[in-house]
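Chemist: Work the whole structure out from these sequences, hints included.
Same order as they appear, the protein sequences are chains A and B. Our numbering puts the first sequence at residues 871 to 1237. Our numbering puts the second sequence at residues 7 to 287.
Worth flagging that the hints you see were computed from the coordinates, not collected in a lab. Note that beta-carbon positions come from the ideal geometry of N, C-alpha and C, so glycine has one too. The hints are all genuine.
Derived list of chain A stretches under chain B, where covered just means 3 residues or more per stretch with a C-beta under 8 angstroms from a C-beta of chain B:
id, segment
1, 1003 to 1016
2, 1028 to 1037
3, 1084 to 1091
4, 1158 to 1171
5, 1213 to 1227
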Amino acid sequence: MSQPAKPAPPAGRANAKKELSEHFKQYKHVWVFVEQERGHVHPVSWELMGSGRRLADKLGVELAAVVIGPAGEATSAAAAESFCYGADLAYIVADDVLTDYRNESYTKALTDLVNTYKPEILLLGATTLGRDLAGAVATTLLTGLTADCTELEVDADNSLAATRPTFGGSLLCTIYTLNFRPQMATVRPRVMEMPERVEKPVGRIIEFPLGMVEDDIVTKILAFVPDRDKATSNLAYADIVVAGGMGLNSLENFQLVRQLAGVLGAEYGCSRPLVQKGWVSADRQIGQTGKTIRPKLYIAAGISGAIQHRVGVDGADLIVAINTDKNAPIFDFAHLAIVTDAIRLLPALTEAFRKRLSPHTRDRIAS
Amino acid sequence: MHIVVCIKQVPDSAQIRVHPVTNTIMRQGVPTIINPYDLFALEEALRLRDKFGGEVTVLTMGPPSAEDSLRKALTFGANRAVLLTDRFFAGADTLATSYALASAIRKIGATYGEPDIVFTGKQTIDGDTAQVGPGICKRLDFLQLTYVSKVASLDLAGRSIEVERRSEGGVQVLRSRLPCLITMLEGTNEVRRGTMLNALNAARAEVVKWSAQDAGVEDISKCGLRGSPTVVKRVFAPTARSEKAVVVEPAGRPPADALIDEIFKLRPKLEADMFELARGF
Ligand SMILES: Cc1cc2nc3c(=O)[nH]c(=O)nc-3n(C[C@H](O)[C@H](O)[C@H](O)COP(=O)(O)OP(=O)(O)OC[C@H]3O[C@@H](n4cnc5c(N)ncnc54)[C@H](O)[C@@H]3O)c2cc1C
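Modeler: Here it is as structure tokens:
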């Protein structure tokens, strides 16, 4: 459930025991769905491969990649790449009918694979594609699915313990799928750390037929319009992010954030109220209902640090907060704090960084 | 044409507070609202109804008090409201919720006419899973269209529909068939205000209340806590980081310089990285 219809944690079930039926005891191994669209693997797949590897090692089982896509180079390349991120084997369903993501064909491919090879754990990215697919597959398989997990563990009982935020991010809850298989979970991009890529040219490949032809699929793709504003989709993967909050007071002052980001070659973002005010587009929102980021440097100007914002930035390596209120909650999780007016500091910071990062300075440091 | 819109009454989570000592949710006095994402679904349904004729039925599963949200939906102009309420539904996870709602939609179909489209919001603000829509869809064996930003065209006679849907790297334009289930993206249309006339009608309107039995739920063990494969084992507060932020004291220097020095002192490697990044700009 990730969410009870009634928000109270169902106390009656907290003591529920694992009573796995004989049939489900055959389910073994950890699978990661490798999300591929238009020849491009979504990095969340490799992030999940890192978590999957850990779980598989703990359980003493294999880690498999599931690659679904058109016949040809891109799909086999994605499978080969999965070995470099820790997969022992890859299941491939390659068919030109799978060129574009469609729920009907992908749901069939994935459920057929699960029913044939019986994984114990199945992980997918909580992207638009991953969520569309996971919900359909879990219902078809009549198993549990936990959305947007922030932590995945196996407990002493060898059950998957999936932790996710609840109540608008104010609390965390740990959810089990005790008596059904596979145990399914989705994880948002950038929540898990990207594992190191290790050159590993071989792994086992198991090809599996789709068993469906174009005429079997009702939904047709008429067109695909790629996002023009490429920069916006980069926020989650940016190395440096500068963000502004309500402390900036106006859209005009928010430009100070953009200017600093510009000088740093950074992406800019914001807290939710700025999106609600229509000052910044929704894909720039950082936090629980926005993007999760993991930059090397995060500068938050005039952001209070509400829990819903915090969960989106916890993975940042260095969090710098600029806030006039020395008791602002953001100082509880920032690494560096400066108690001052962001509207005055930002332009000075932009100038100071411009100087520090000018080619002239760089050459001097290099020599 | 008949459209069913599934809505959920949720606590206005902006106002939820966690008790600092007991880590429990303080829900007392927290107002409830229609899940904001569902309003875009309702609006889209009403627009289609206004254009093509027919009826919109709103459906929710929840405690008796969820009737408030249904009445609100009636003031926006929905034709009929159905409240699925029964203690058997309590504690349902997304799988059990989709079972109950799909059962109710079948019953709505048998009673008021088969739906051509079922709408839901993209996700709820209290659960955030985006799983119930696809769940209902699979149980009804409808075609699934999630994250829809626009219903581009509808051909009732030809049973066909065209939509734009958000995908990771862009927008897919899809043609599919009725009946389908659509989950609607936020910000896709301007949600109308209720009219005075509708408000008057809504106050007087009957909200149909169904128990599990009324709704023709076949297997009660698939509902609520019993029907939920997921089990919430533990609810806890995120651990606070032990160390507080290092506070930069400019001590007479320009604060910006002091801050930058401190950043590079803490993360010396950053300086080289930043040169790289800044180069392109
Ligand atoms: C279901 C739900 C989901 C949510 N999802 C998100 C989400 O994804 N992302 C998100 O960000 N929020 C989210 N929120 C909202 C969140 O709870 C907070 O309301 C929001 O993060 C507050 O934004 P803020 O810090 O910019 O504004 P405020 O809370 O108004 O804080 C402004 C801060 O600026 C400081 N300040 C004022 N003037 C200055 C100045 N001149 N210079 C420097 N500092 C100054 C103040 O001291 C204060 O700390 C969500 C809420 C709910 C209920």
